[in-house]
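Residue numbers (numbering that gives the first Met the number 0), protein chains in the order written: chain A, 0 to 235; chain B, 0 to 593.
Derived by calculation from the structure, the hints in this document are not laboratory data.
Predicted model, so just to flag it, every value in this text is computed and none were measured.
Quick reminder that beta carbons are idealized off the backbone N, C-alpha and C, glycines included.
Hints may contain errors.
Claimed, not checked - List of simulated lysine to aspartate or glutamate pairs, EDC-like, C-alpha gap at most 16 Å: (1) B:K306 with A:E43; (2) B:K203 with B:E234; (3) A:K53 with A:E67; (4) B:K16 with A:E202; (5) B:K540 with B:E523; (6) A:K18 with B:E28; (7) B:K20 with A:D28; (8) A:K95 with A:E67; (9) B:K503 with B:D537; (10) B:K307 with A:E43; (11) A:K45 with B:D311; (12) A:K55 with B:D311; (13) B:K307 with A:E41; (14) A:K18 with B:D9; (15) A:K53 with B:E312; (16) B:K259 with A:E43; (17) B:K16 with A:E67; (18) A:K95 with B:E28; (19) B:K242 with B:E178; (20) A:K53 with B:D311; (21) A:K213 with B:D9; (22) B:K16 with A:E41; (23) B:K306 with A:E41.
Said to hold, decoys possible - Facing chain A, a subset of chain B residues (Cβ under 8 Å, in silico): (24) P21; (25) K259; (26) D311.
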Amino acid sequence: MTEQENVCETRIRFKFYKKDEFKYLSHLDISRIMIRAIRRAELEIKYSQGYNPKPKIGFSPPTPLGVESMAEYADVLLEGNIDERTFKKKLNSELKPQMLISEARIITEKTENLMNAAAVVLYGFELHICSSDNKGMPGRFYTGLKKDLTTGPDFCNSIFDLKIITAEGSSDIILLKLFGYVKIFKEENNEIFKFNNFYGFFENWLKKYCIDIKNVKKEELFVLCGGILKTPMEVV
Amino acid sequence: MDKIKRLDSDLLGRLLKDIEKPGRYINNEIGTKSKSPGTMEDFQDLILMALVFPDIYEVGMSNLGLQILYEIINKHKCFSAERVFSPWIDFEEKLRKEKVKIFSLENRIFLDSFDLIGFTVQHEFLYTNILNILDMGGIGIRAVDRRNRFPLVCAGGPAIVNPQPLSRFMDFFVIGDGEEVVISILQRVKKYRENNKDKNWFLKEISRLDGIYIPGFYRFYYYPDGRIKSIEPGEKVKKAVIKNLNEFQIVQDPIIPNIKTVHDRFAVEIMRGCSRGCRFCQAGIIYRPVRKREVGSLVRQCIAGLKKTGYDEISFLSLSSSDYGEIGHLLDKITDPSKHGRLSISMPSMRLDSLNLKLFELIQSGRKTGLTFAPEAGSQRMRNIINKNIEEKEMLDCIKMAFSSGWDKIKLYFMIGLPYENDKDIHEITLLVEKIIMAARERLSGKKLARLKINISINVFCPKPFTPFQWVSHDNPGNLDSKFDYILKNVSKRYVNINWTDSKKSRIECALARGNERVGEVIESAWKKGARFDNWTDFFKLSVWEEEFVKAGLDIDLFTRKFSVDEILPWDIIDIGVSKDFLLKEYDRARECL
Ligand code: SF4
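Chain A extracted, bound-state conformation (with noise of 0.2 Å):
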């Protein structure tokens, strides 16, 4: 639909984190929360036309079940003129400190949704080495990483890329920063990361390096523009 000129309305990205408690929460409870809370702050949503009418916002793909997020974002449509400092204060005074938006922009050129343009998840996953005798384990570790799982079949097609990060101060932490694919590209030939799968996989896999999983956040998302991955605030 063509919006006119002189009709008032502003959009608006934002991102927000849910984190603790609010892990648990499922993508359908959230977006719910932050439509109440929107409502709350006496910020005026647009609603679609016709005979169930639905709140014009648009939030990225879910996070999975019991997994923390840095990296939510949504695209709302509100009534009236508003600027990024004033909606981010008056939405984060109706919203509890599991769930609070760090950022938010106004979109002035046209911009595709968000469900749509997220190209790439990152999930950066902190892992403890539990054996106390682990000469070379990490190097180890990295060549059973290339191959089980950026080679492997399993999840070769899904992972677009690998990082491992020491963490500083101590030996016994590794961070892992896993980039899967939430988009098809045919070019690419890949498939979509599915977490849960590679979740109960990994944590497994783990067990012959005697490592455990301490911590998983999603991180960050990703977007396509002009060939380089830019996050979705990047690009508005």
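Using the hints provided, position chain B with the ligand relative to the given structure of chain A.
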């Protein structure tokens, strides 16, 4: 003084691993009101009450009564109420396996650290869940086994107006409206704790309040056949009643659940009580007298509430909304100022007729979800007997009008097993359904007709305490099944969908509802055999219940038979506000319709 114990927050994460709908157990909703003192010591100055709804979170959070009490208690500076719900089967298993006691949502306080535990009991099939929760809290289920001064355990709600089946488990019962009496009770709990008095002192203190029934103060004597010979002392316990609903504001900032619940909307009680006098209806008697909220302040409170909650749906609750005189005015005022807000309105108990159908369509604002009628019986004769004043013609006119304006879903409620029911009455249920189908054929075009859906819900009548039919017998399962079969065979399947309640299950319900204190033994042993969530078809263990009645040496028939009008009934010790004479007169008037 005992120390208050709480669940370690690290532990919660471990417990919730692989648990279905973990959002049930995480608290942190908007609108929670329990006191959260920074240090554990501060808790010692508070009287802590656990408000327990013995069903899952999604059901309990849809109950307005719970939100009302929660607000009233937490407004008080000396008291704090926290919520407890039944954990679902998987979480119960986990808690038991890890040897973790059940805890409240807000501050994750273990149940046995509370001063007072209050169950709100909506129906009889929650009885086993009550025992299960006490047990999961490490609390003795029988009152006599609880030697410690705390926690005190009580129950209230519609399913304990006959307190006898649960009497062995409770220190006391609260009969009637809870709004005022709960504070009076908590004030006495405070005195009891501060002055280090004994339990008997406390019970005596509260026994002076309206609505308090203390099982330990009464003796029941029986005839050898199980009927009651006498109750001592004979003085009745008077139901607690709040005279003026307007003195209590509606809950304007209820707890807003984080997960989807059964009724996820802003709920407002516009009226309490119903004066229609359907003779089978327990709610119609026990919530008397009729009290209405004044419309002006109601409107203001609703608008404030919608703003505070951000809900886009409001539900006006009462037993019979069409009897609220200013309903039109109320709707006008609510829909007007919030027109930007896309508000939807629901009125679950609105009685439809051709006069208010237009109003109803307005409420639905284009969504033709379905029209509900509760004729309860098929024949006018039967409707006269039960005093359900619905004229068939009136109802059919309304349905025809509805078809003409595009509705194609109808829901009908009937009961079978009503007193004095005969084959003709059952046959007339099928005739009524046929007439509706005929009307649809006349009024609906081919395409619409193909979409026609008539959902019929057939409930087995279960005679309940404090109704004019409290004396009648529960129809036997054989009869009920053949009546049901008859209906099933004789209505056209093409448009009709039928669901029904299990006749044998209904018989157990009747025995629980009209039971005496000995039924408590059966509840206890059925629970020990795994009975819980009895209201869920998948979990109801009929054979367990039947066996445990036998083992206890109790004939189910003792409770489902026809009671004689001059015998002493287990609930006679309660004065519900309507005299037994009145009920008897109504019972006689039903017979005059024969
Ligand atoms: S069935 Fe409904 S209308 Fe009849 S008495 Fe009960 S609440 Fe009132």
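Hint consistency between B:K503 and B:D537 [alpha-carbon to alpha-carbon, up to 16 Å]: OK: B:K503 and B:D537 at ~15 Å, within 16 Å.
A:K55 paired with B:D311 [C-alpha distance capped at 16 Å]: Holds, at about 15 Å.
16 Å Cα cutoff - pair B:K307, A:E43: Holds, at roughly 14 Å.
Given pair status - B:E28, A:K18, alpha carbons within 16 Å: 14 Å, holds
Pair hint A:K53 and B:E312, alpha-carbon separation not exceeding 16 Å: Answer holds: A:K53 to B:E312 is near 14 Å, not above 16 Å.
Agreement of B:K16 and A:E202 with the hint, judged by alpha carbon distance not exceeding 16 Å: 14 Å, holds
Hint consistency between B:K259 and A:E43 [alpha-carbon to alpha-carbon, up to 16 Å]: Measuring from Cα to Cα gives roughly 23 Å; hence the hint is violated.
B:P21 as an interface hint toward chain A, with CB separation required under 8 Å: 4 Å, holds
Given pair status - A:E41, B:K307, alpha carbons within 16 Å: This hinted pair holds, its Cα atoms lying about 10 Å apart.
Given hint A:E41 paired with B:K306 - CA-CA distance at most 16 Å: Within the cut-off at roughly 8 Å; holds.
Proposed proximity, B:E28 with A:K95 (alpha carbon, max 16 Å): At roughly 8 Å apart (the allowed maximum being 16 Å), B:E28 and A:K95 satisfy the hint.
Pair hint outcome, B:K540 versus B:E523 [Cα-Cα no greater than 16 Å]: 14 Å, holds
When held up to the earlier numbered hints, the structure conflicts with 3, 16, 22 and fits the remainder.
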